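**Student:** Letter by letter, the chains look like this.
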Amino acid sequence: MSKHTLAVLVENSPGVLARVAGLFSRRAYNIDSLAVGPTENPAISRMTIVINVESHSLEQVIRQLDKLVNVIHIAELKPEESVQAELILVKISATSKNRFDVDAVLETYDAVIVDESSETLTIEATGDGAKISDLLNALERFGIRELAQSGLVGIERGSRSLAERTLSVQSIPTAESGQADYQN
Amino acid sequence: MGKKMSGASSLVQSLESAGVDVMFGIPGGAILPAYDPIFDSSIRHILVRHEQGAGHAATGYAQVTGRVGVCIATSGPGATNLVTPLADAAMDSVPMVAITGQVPSNAIGTDAFQEADIRGITMPFTKHNYLVTDPDQIPRAIAEAFYIASSGRPGPVLVDIAKDALQKETDFNWPKELSLPGYRPQLEPVNQSILDAAALIAQSSKPVLYVGGGAIKANASKELLQLAELLGVPVVTTLMARGAFPDSHPLHYGMPGMHGTVGAVTALQKSDLLITLGARFDDRVTGKLSTFAVNAKVIHADIDPAEIGKNRFADVPVVGDLKRTIAALIPAVKAEFAKKAPDYSAWNASMNKLRETYPLGYDLPKDGSLSPQYVIERLSALTGPEAIYVAGVGQHQMWASQFVKYENPRTWLNSGGLGTMGYAVPAAMGAKVGAPDTPVWAIDGDGCFQMTNQELVTCALNNIPIKVAIINNESLGMVRQWQTLFYEGRYSNTNLESKRVPDFVKLADAMGCIGLTCDRPEDVDSIIKKANSINDQPVVVDFRVFKDAMVWPMVAAGTSNDDIMIAREMAPDWDSQEL
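Just so you know, the sequences run in chain order A and B.
In this text, residue positions in the first sequence follow this note's numbering: the first is 1, and each later residue adds one.
In this text, residue positions in the second sequence follow this note's numbering: the first is 185, and each later residue adds one.
Worth flagging that the hints you see were computed from the coordinates, not collected in a lab.
From a predicted model like this one, the values you see are computed outputs, not experimental measurements.
Hints are not guaranteed to be accurate.
Straight line, CA to CA, 27 Å or less: simulated BS3-like cross-link-like pairs of lysine-lysine [unchecked claim]:
#: 1; chain 1: B; residue 1: Lys494; chain 2: A; residue 2: Lys3
#: 2; chain 1: A; residue 1: Lys67; chain 2: B; residue 2: Lys352
#: 3; chain 1: A; residue 1: Lys67; chain 2: B; residue 2: Lys683
#: 4; chain 1: A; residue 1: Lys78; chain 2: B; residue 2: Lys406
#: 5; chain 1: B; residue 1: Lys731; chain 2: B; residue 2: Lys683
#: 6; chain 1: B; residue 1: Lys589; chain 2: B; residue 2: Lys406
#: 7; chain 1: B; residue 1: Lys360; chain 2: B; residue 2: Lys589
#: 8; chain 1: B; residue 1: Lys523; chain 2: B; residue 2: Lys406
Covered stretches of chain A, going by a simulated chain B footprint (3 or more residues, C-beta under 8 Å) [what the hints assert, rightly or not]:
#: 9; stretch: 61-72
#: 10; stretch: 128-140
Anything over 12 Å on all C-beta distances counts as not near chain A; from chain B, calculated [to be verified]:
#: 11; residue: Gly304
#: 12; residue: Thr317
#: 13; residue: Gln351
#: 14; residue: Lys589
#: 15; residue: Leu645
The beta carbon of each residue, even a glycine, is placed where N, CA and C say it ideally should be.
Using the sequences and the hints, build the whole thing.
**Tutor:** Shown next as structure tokens:
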């Protein structure tokens, strides 16, 4: 099994998340995380999907995904050619006694405190999977009370954008009357 | 600005603009607004007796004509009754558009009367689907639905329309063009893949043309014949491809798979190159996948890129329309052969010998009762290859694929992928509507027939004179065969007693059809001739056949094609064959 990150541009239309999730479920593909959000183009949403597959079936996953009419473009984000990050919000037990130790950890991982109570601190951090997992390990000893974690999002390094490749869309003339023979 | 009208009128105008000439359906509450303009429309609406019948009829119509079949139903149960035909059409790549009414948009999600999330339900087995709540979107949804259903790899598309969208006023604007940025079927094969395929063919010594239903969908029979004769190697046609290549042709080895001929199964098994044309390495063809054609390289031509490498690695993938692919392959192969003429003579000789040693056949029942295979063989001989044959699912389907002689594409309809019992009668109805001047025979089982025979009423009332041959072995025959072979003859719940109840002749009569019965071999010809002479009314013939006939050859489920049996506990004598 190996992990792959896919950036998927989809039409921003109702039901598209259900279509993608349903496809993964019915074809028995293992999904690690899925994050959806708007893009610079309001008609297009972007999904970042992390899947766990045998390498030979990654192509199969991409081709099946590409069959969905609402899916416009799919790109694999290779770790070395992309920036990838996820966000966590974590509530840990913290008192004045161990505050100094907590601050040391937060500084190491570039994490910030976004809320605090007499017994707890809520910490926000972003980073790739390895950094987040190291941070969570480091916070473990204080006692993790609650964890909210986003799916991974990613973007290719360099100046090119995925959206550029989707703009050159040809329109299809329809038949005025009578069934068009679209096959031949 | 377009013309002002109701959403319902806009729907009907859209269907007319899409070229619909006939649709099959039943009205109900949510779709009712659409039925008012349908009353005045040029589109022929055939009022069926069950929505499943409408769906399979649309499929039958589409399979025979190559056009998009259309069915229409109301919300809730009307829509869910279309689920089976939609799944069936998806598995067999049939172009079909289903229109369903939905509860008013402000009631969606409230568990309203006759509400069902049909868009959600049908996502897994429609090519695409729509829920339309804005009447202005109706023409675009219909135009897109017809384009998506009929282009690329064909398939079913569902358009669910909320009742208030049908009732509100709108402007009718038939779109001049469509923009589907995520849908770009690749029709033209990449030239390099054609050259690679031709080179692989020239290097091979035991090639086989493994032809699937895509050859029929792409109308590629003419090109296929040219390619086959250019290569001069065995051709096998899958269950979905029967008729794509003439059965009478000397290169034809018949059907591969679980109940395929020894020749076809073995040609694939021993091949060193599978030239796969619009087929998908279905488990019923490959048997145990890891033991399927282990020495063969694979050229896989298909219009659906997701089929490439799904079940079997393709050495040379060719994505494109099959008609164009084969047309491009022919000159490329000729160029290769001009460099070095191939010699397939040893391969052809050994396959020929095998085919001659193990032709399709059957034993006549020892008790003198009627043989189901004989009935089907005579039906084919007396009706001819210009007729259309439609089967249900089970033993009779396999016998109809084996013993009817097909010469033309679009003359054999069956539920290959989903295996839908009850497909035959409604699909034959749709086929007859699509080809009114062609005789249409449904070859059905007594089990299948009892699932959907109500559509004979529709046929009788709408001048759709189909003919039905019930191969009545008073049981769920294929299940019974498996019980015989794998469950020590413990016939749990497969005895239908259909020679006792119902009386099929009376049932036919009650439904406005001619009912005939036959249980003696000597009467078969005269009864078929009589049925063939009746063209103004549906005919049902109850052929009361031998109960214990079995379908052979057989590759048991999950086993290797190498273990094909030609009869019970009888394998081909491989030692006497030089393969």
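**Student:** Indicate, hint by hint, whether the structure satisfies it.
**Tutor:** Evaluation of the provided hints:
no. : hint                   : verdict
1   : Lys494(B) to Lys3(A)   : holds, 20 Å
2   : Lys67(A) to Lys352(B)  : violated, 34 Å
3   : Lys67(A) to Lys683(B)  : violated, 48 Å
4   : Lys78(A) to Lys406(B)  : violated, 46 Å
5   : Lys731(B) to Lys683(B) : holds, 10 Å
6   : Lys589(B) to Lys406(B) : holds, 18 Å
7   : Lys360(B) to Lys589(B) : violated, 45 Å
8   : Lys523(B) to Lys406(B) : holds, 26 Å
9   : 61-72                  : holds (count 9)
10  : 128-140                : violated (count 0)
11  : Gly304                 : violated, 7 Å
12  : Thr317                 : violated, 9 Å
13  : Gln351                 : holds, 21 Å
14  : Lys589                 : holds, 28 Å
15  : Leu645                 : holds, 27 Å
Violated hints for the displayed structure, listed by number in ascending order: 2, 3, 4, 7, 10, 11, 12.
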